[in-house]
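Engineer: Chains as they are written, first to last, in our numbering: chain A, 1 to 388; chain B, 1 to 388; chain C, 1 to 388; chain D, 1 to 388.
It is possible that some hints are incorrect.
For chains that are exact copies, the list does not tell them apart, and a pair is met inside one copy or across any two.
Unchecked claim - Taking lysine-lysine and the DSS-like style, the derived pairs with C-alpha atoms no more than 27 Å apart in a straight line are:
#, residue 1, residue 2
1, K316, K347
2, K245, K161
3, K353, K385
4, K245, K316
5, K37, K245
6, K347, K245
7, K161, K385
8, K297, K277
9, K331, K347
10, K284, K347
11, K287, K385
12, K245, K353
13, K353, K116
14, K300, K118
15, K116, K297
16, K277, K347
17, K118, K297
18, K347, K37
Everything labelled a hint here was simulated from the structure, so no lab data went into it.
Number of protein chains: 4
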Amino acid sequence: MNTKQSRRKFIANKVISVFYVFCMALPLFSQEHSRGKIAIPDLKGYITLKCDFHIHTVFSDGAVWPTERIDEAYYEGIDAIAITDHIETGNRYQLTNQLKVDSRNIAHDIAAAHAKNKGIILIRGGEITRDMPPGHSNAIFLSNVDELVKPDYMDAYRAAKSQNAFIIWNHPGWVCHQPDTTLWWPVHTQLLEQGMMHGIEVANGGTREYSPEAHRWCLEKKLTMIGSTDAHAPMQKQIDFASMKHRTMTLVFVRDATPEDIYDALKERRTAIYHEKYVIGEEKYLKELFENALEWKVTKGATWCSNEILITFNNKSDLTFYLKPASHDPKIVYLRNMVGLFTIEPKSEQTLKVYLLDDIKGGDVNLIVENFLVQPNTGMKYTVKIEN
Amino acid sequence: MNTKQSRRKFIANKVISVFYVFCMALPLFSQEHSRGKIAIPDLKGYITLKCDFHIHTVFSDGAVWPTERIDEAYYEGIDAIAITDHIETGNRYQLTNQLKVDSRNIAHDIAAAHAKNKGIILIRGGEITRDMPPGHSNAIFLSNVDELVKPDYMDAYRAAKSQNAFIIWNHPGWVCHQPDTTLWWPVHTQLLEQGMMHGIEVANGGTREYSPEAHRWCLEKKLTMIGSTDAHAPMQKQIDFASMKHRTMTLVFVRDATPEDIYDALKERRTAIYHEKYVIGEEKYLKELFENALEWKVTKGATWCSNEILITFNNKSDLTFYLKPASHDPKIVYLRNMVGLFTIEPKSEQTLKVYLLDDIKGGDVNLIVENFLVQPNTGMKYTVKIEN
Amino acid sequence: MNTKQSRRKFIANKVISVFYVFCMALPLFSQEHSRGKIAIPDLKGYITLKCDFHIHTVFSDGAVWPTERIDEAYYEGIDAIAITDHIETGNRYQLTNQLKVDSRNIAHDIAAAHAKNKGIILIRGGEITRDMPPGHSNAIFLSNVDELVKPDYMDAYRAAKSQNAFIIWNHPGWVCHQPDTTLWWPVHTQLLEQGMMHGIEVANGGTREYSPEAHRWCLEKKLTMIGSTDAHAPMQKQIDFASMKHRTMTLVFVRDATPEDIYDALKERRTAIYHEKYVIGEEKYLKELFENALEWKVTKGATWCSNEILITFNNKSDLTFYLKPASHDPKIVYLRNMVGLFTIEPKSEQTLKVYLLDDIKGGDVNLIVENFLVQPNTGMKYTVKIEN
Amino acid sequence: MNTKQSRRKFIANKVISVFYVFCMALPLFSQEHSRGKIAIPDLKGYITLKCDFHIHTVFSDGAVWPTERIDEAYYEGIDAIAITDHIETGNRYQLTNQLKVDSRNIAHDIAAAHAKNKGIILIRGGEITRDMPPGHSNAIFLSNVDELVKPDYMDAYRAAKSQNAFIIWNHPGWVCHQPDTTLWWPVHTQLLEQGMMHGIEVANGGTREYSPEAHRWCLEKKLTMIGSTDAHAPMQKQIDFASMKHRTMTLVFVRDATPEDIYDALKERRTAIYHEKYVIGEEKYLKELFENALEWKVTKGATWCSNEILITFNNKSDLTFYLKPASHDPKIVYLRNMVGLFTIEPKSEQTLKVYLLDDIKGGDVNLIVENFLVQPNTGMKYTVKIEN
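Let the sequences and hints guide you as you build the complete structure.
Structural biologist: Structural data, given as structure tokens:
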């Protein structure tokens, strides 16, 4: 065997170790994508992490291998994810009668090294998958998912609690669970009172569901607002990134980009939801996101037809802003003859023309940010002041 | 329990059958894509099928569940696929020490019902994965992949042959197997002579490899030209469909869209390859693809500056055509002052201006179709005749 | 001088006739665009023409030569246009003190041959450009624009009437004319009663103005609804065609594509307006546009979680449809957990899921088509019936 | 008349001054585009200006008003333009028998204030438009275009020279002038020797013409290479900016962004041409553009199959780079199995894999940059060194 042949002789023909097999095939085909970036501003004292805490793999009824979920997060600019395969339902391999999984920790364990390598925070999780009530819940920050395999669902929640898990009631308004009305059941009060419900999934990307009831409950009961994909298919199959779409995610406002800080932030309800074109959350956070995403300057416009003032918004973020006028002094005229909404596209400038009548020198331009929901189905008010 | 509750009581809490689990989760999240269409013309007497005979799943080192491969084909407009997981290397679950697969037929079997439902032709296959020589080969149209599990690779090929498999030498120029020169080894002569090599993968989408040597061998040794993806990752991750990219595929010219006719067509070398912007194949097929994809009409142009003739090409296909002038009568002037290639984009019209000097009335517009390779790295000549 | 030289000797050096000059330069650079098509359905007995009756050229304060307006219409799929340069204001050449235009008919006359050649219907028009009241009006279907040059604006309107012009009040809510409130002035009553106002420009693309007052006046006073661009700049500069935007236009429902039929249709108020994503018009027309643009079929969905019914809309048009639920029987559930609108994109399918509770067999799916305005700022109701 | 009425009374009904007319109409409709940017790097000691010295308006046979040319340049990121209307042919208004232009300076004069306002450098020019020979030439940096109106073309050139104009022979290979062969005529020698030819238009965007002969003459005769649009239609009509296309332009390497420095740079041949995907110019400039546009780093790749080296190119510019291998040491393997070219898209990263055989530690990766033309139709060689 000559040199050339021996150089190629890196795999023995007969003894094929698993290690070699992986080396042989993966580096060849791995698609190298660069790290994505979703431009959503930080808040004062906090970094804004983009997180998705509800994801499936082939280890329950998802369609992709766990490492793929890391690549997706890396490519899209997601900072932290949890794989939350269904706990009770075993996995799709059981269908085949040929495979068995001894541990519900396996998907996380397979993905962990790749996550570390790619700089993605991976949080161990599982989905407690029961009929309504109580429906489905995600437990994240678990140490051992297997301990949640219990016949009685309350035992499963207790096991999660004993691991200090953060527990999220998933898609409360899902049509298969609550077809006509999204109800809060007695068991949810019980879970809440016993410290076994910390957040609710107000928006779910899989069903494209936004639940105004869940939104209200979060505000009333001091629960954390969560948005997630509930992804089963490959992410690129579901989301048209070329059209600037994004996955449903939870924005978590942390001091540092660590799992511990994410846990603390979730417990302290420092989150907002980015779902389709909407940002959903407490007004204090949304107001700061608005102000940090947009810069604007007020200049004088043309003088020949009226006292025209130009408010030029510069959107430095990937968010879109949909504005309409709120009630205001009739001497300040803006957006009067317009159908649809005044839209500030991502990474662009847009100028709002304001007319000051009867020689007034300034005043309040009251706006409603239609897609910044601070109450169920209700946009945030914001006033831009014009001074003389 | 009231009516509303009982309506929701479709899953028992404790006894969870696999059947119910699947019902619960899959219909909710299944992304409904419509059937794709790749516009490549049929030939006289033959339908042009778009096929991909080299695909991996989680049952070797791929990243997706087998049914996903059907959805991808459906969405993209692919007519037939073969799942060809590595035979010798077992599968990635072995890594976990928790899973085992008893049969190499499993990926195919899982996907079969979904394929039927979606109208995708699914061909049973496997990849004989050995060091060079002989390197990797796909055996397709197998009846039982497990019989190819043999210590000696010749036994594996013989087992494939005994099942009347169609056998393809994969990516002969792969850098890990043949880094500097793409060689034909004695064993390949042996395989060919013993009826255990029927085609060569001239183009491989995973490595973006086109092998001019493989192209030449196919022409010289009467082997079938194959192009395939060798997909491991989700297809949408690898291919930018929004930018009108497509997977590497084999065009198979069949009488009817049946597995049997695909088999016959492969054996009779009725194929071409569609790889990136290139179509690779025998001139008789490429000429007919060119003529069936393009319509053109010759009209008179402006008369004020020269005898101008307009050839207006109407491309009804999704193929792109890159043309440059071949040697021609100097009295026929075209594409003289141009850098780059005369490009006819998919589904569009493009006009070529020709100037007839010295009162000649017509003649031959000789062109080279740069991206229709009829010989290794060599474009097809085509003449458009202008008559007086 | 040899043959080669003489062949090139098509222009005499010294005597340069205007005819030769044009031949020399224009055919060289004319950009050949293919004919555009805007897919908006016809109505029963009527062809839907896409028209723009408010356009400027360099012969008032526009920025392009008249023939360019024909090319734009051809490229975009517009069927008929009127060039309506400002009558009273002369043209921008006067600025130079070097040019003079003797006739306001010149822009039309220059464009006429090109319009005929390209198959665009060109209607002679002019804009009576006065202060408010009465503001600006377009007179179209004129025979001689020059006769409208009158010191007293009522004389200008009378001259238009004597030519049987169709007269449109332009942009009544324009901020420079009516900054705070869009008023109907006594003179407008006078114009209406004397047959010198036939339509109102409800939507104006230049200012992106939609006037709900104008919309209401058209409905109340039986005036024709007009939408137009008021284009001054090149169209491609103003409208982002690559993002599937379109010019503001009047849809005119004619028996035949002739100027005469357009005139009759305008007089009989057979129009609707296509402005940004909105269609504005009488309900009888918009209902038929909706039904002819969309096909839908009702099928059974999954049975495992509820009685699911699928309404699959197939949008064959270039219109977008934004739907939201109207009040309906609570036993029919649809679009319950959704933020934003149910959107049917152009040339695509979209499926609406409906759940029938308590074993009902069918009923009314009441929808509001948010962007089909049948009253000022008010969407059209539409019911899709589900039968058992 | 009440306040509201009087506020609107900004235009007198009867006396219409030109000043008011413009105020009324233009500010309303002017489309506000933000300043464009074409990312092409500066050179050491020089700023790279993007210039277009061949543009027409309605004051010869163009289709747009002069100010529009300024808006186009502003929007696209062009730094300097010259309006070069045909001198001898008068203008298209003569066709009408109603208009006359007394001065060929008018287009420039109309555009000048707008250019200043927008920060675009506007250079006075005119096109000497004659039969071949000598064909068409642009004279730029003129002080008075009218002095070039002469029966004898040599007198026109002399008048240009007496104004210290920079004179460019336009589109020498234009099919109407030189259909079969692009010849250098005796008169061109005469013009060159008498200091009346300083550059040649090697690339013309209107005809999409690149002239290899002109390229060669520039190199041999020390003439400045010029690329320009020869625009007649609105720029957005001709160039598909949404597909990242750009106008043909001259890159001028200046010390400061002033007209004087542009003049000096042109005289000193500090230019390159950016035409379609090609950059054309002297090697010393193209090499520096290459190095300043691209950063690359060399890292070690996978070790399991060969000694793999990764060259990761980071393209910070809007240029595209098309690379192919030049002859090289056979122990350094790269781009071996590839059809087409190795492409580095604008503003993106691309990794080139190199394999070092036989334990060599480094060497030269010789490349040809296909679209950087340093000789007629000949790409630039570039070597990336890999060190051990």
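Engineer: Now, for every hint given, state plainly whether the structure supports it.
Structural biologist: Consistency of the hints with the structure:
no.	hint	in the structure
1	K316 to K347	both (5 Å within a copy, 19 Å between copies)
2	K245 to K161	neither (35 Å within a copy, 49 Å between copies)
3	K353 to K385	within (14 Å within a copy, 45 Å between copies)
4	K245 to K316	both (17 Å within a copy, 24 Å between copies)
5	K37 to K245	both (13 Å within a copy, 24 Å between copies)
6	K347 to K245	both (15 Å within a copy, 19 Å between copies)
7	K161 to K385	neither (48 Å within a copy, 49 Å between copies)
8	K297 to K277	within (25 Å within a copy, 29 Å between copies)
9	K331 to K347	neither (32 Å within a copy, 44 Å between copies)
10	K284 to K347	within (23 Å within a copy, 37 Å between copies)
11	K287 to K385	within (15 Å within a copy, 43 Å between copies)
12	K245 to K353	between (29 Å within a copy, 22 Å between copies)
13	K353 to K116	between (49 Å within a copy, 25 Å between copies)
14	K300 to K118	between (49 Å within a copy, 18 Å between copies)
15	K116 to K297	between (43 Å within a copy, 24 Å between copies)
16	K277 to K347	both (15 Å within a copy, 23 Å between copies)
17	K118 to K297	between (40 Å within a copy, 20 Å between copies)
18	K347 to K37	both (13 Å within a copy, 15 Å between copies)
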